[in-house]
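Novice: One-letter residues, chain by chain:
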Amino acid sequence: MSQLEQEIKTLIIESLGLEDMTPSDIDSQAVLFGDGLGLDSVDALELGLAIQKRYGIKIDAESKDTREHFRNVASLAAFVSQHRSA
Amino acid sequence: MLNFSIAAWQAWAPDIDTFDRWLLWAKGEVRAQNDYSAPKVDFLPAMQRRRLSPLARMAFHVGWPLAEGCEQLPLVFYSRHGETGRTAELLQCLANAEPLSPTQFGLSVHNAIIGQWSILRGETTEMTALSGGEDGFEQALIEAALLLQEHPQVLLIAAEEQPAPLYAAAIDDIPHAYALGLLLSRGSQCQLSWQATASSPAASLPNPLNWLRHWLLNTPAWQHHGTQRSWSWQCHRAQ
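First to last, the sequence lines map onto chains A and B. Numbering-wise, the first sequence is residues 1 to 86 according to the UniProt record's numbering. Numbering-wise, the second sequence is residues 1 to 239 according to the UniProt record's numbering.
I should point out that these hints are in silico values taken from the structure, not numbers from a laboratory. Each hint should be verified, as a subset may be incorrect.
[Stated by the list, open to error] List time: in silico DMTMM-like cross-link candidates among lysine to aspartate or glutamate, alpha-carbon distance up to 20 Å: (1) B:Lys40 to A:Asp35; (2) A:Lys58 to B:Asp17; (3) B:Lys40 to A:Glu19; (4) B:Lys27 to B:Asp42; (5) A:Lys53 to B:Asp17; (6) A:Lys53 to B:Glu29.
[What the hints assert, rightly or not] What the simulated footprint calls covered on chain B by chain A, stretch by stretch (three residues with Cβ under 8 Å from a Cβ of chain A suffice, anywhere in the stretch; the number is not a length): (7) 49-61; (8) 118-129.
Quick reminder that beta carbons are idealized off the backbone N, C-alpha and C, glycines included.
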């Protein structure tokens, strides 16, 4: 697991108040919303905000790509590493 | 004048969370801590309780056991100050020109707790969230007692969280976080009446806590004074 994936898992747990969970409970490939981790639309907004604050990335809520970026921890890590230094 | 009975009650404050502790508290032998602790509410799965604020946790902690086994139980939620912790954090973000947390924003309104109660309990009957002045507890009891005309039992929850430091100078009626849950039923254990009077010295405890103290001490009658009304309580626990 990459350092960034680990960091994002911690960010998910802290920003969404997932008590009793540790980063190792989250599979990098598991779907975040709906069936996988079971997050909902409010979580999506909250997580988007947390990513925005932490990495200074502007997220376009209307973009179709955003849905793909937020599919799982691995895709989020790829998205963040692509944009944060830009 | 209103008549009702107390079918059951629950209360919580930091370090005071059993009947025996509350009895000692009523006798002045122990005091609650004024810290920011909140009950765990671990009877709910972690994914369900994660958005509950300290205030919501206190409300759920006292209300949940009282509601067990009751279907279609109306709820009157009373808090004078509400979600001050969430509000303070939102204001801090605004002051720093930072974006607001959608969760904090959505759940900072006064009826957010009854909304979460409704979702988590699958409860669809009527619920009300009230605020009020120093005698808002009695106002909430009027609402709850009148609901008894249509329902055999009504749940009243009064709760206040330890205010954020930002509000310390403005809020002087929360000695410590507390929640009181009363399961009201039809009956005549308690009689509540009121009259318009000039302002009188305020009680040393907020009304919900003072009510509980008198209830535990079996005080037959006492008064709560407000700036516009005075409230006369008569209670007979054993009846």
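Novice: Each of the hints needs a verdict: does it hold here or not?
Specialist: Evaluation of the provided hints:
1. Of the supplied pair hints, the one linking B:Lys40 and A:Asp35 is violated, its CA atoms being roughly 26 Å apart against a limit of 20 Å.
2. A C-alpha spacing of about 46 Å is found between A:Lys58 and B:Asp17, which places the hinted pair above 20 Å, so the restraint is violated.
3. In summary, the hint linking B:Lys40 to A:Glu19 is supported, as the alpha carbons are separated by about 11 Å, within the 20 Å threshold.
4. With a CA separation close to 30 Å, the supplied pair B:Lys27 and B:Asp42 exceeds the 20 Å bound.
5. Restraint check for A:Lys53 and B:Asp17: not satisfied, since their Cα atoms lie roughly 39 Å apart, outside the 20 Å limit.
6. Pair hint A:Lys53 plus B:Glu29 does not hold up; C-alpha atoms about 48 Å apart against a cutoff of 20 Å.
7. Coverage of the segment 49-61 of chain B by chain A holds [criterion: at least 3 residues with CB-CB distance below 8 Å; count 3].
8. Against chain A, the segment 118-129 of chain B contributes 0 residues with a C-beta closer than 8 Å to a partner C-beta. That does not satisfy the three-residue criterion, and the hint is violated.
Violated hints, in rising order: 1, 2, 4, 5, 6 and 8; the structure is consistent with all others.
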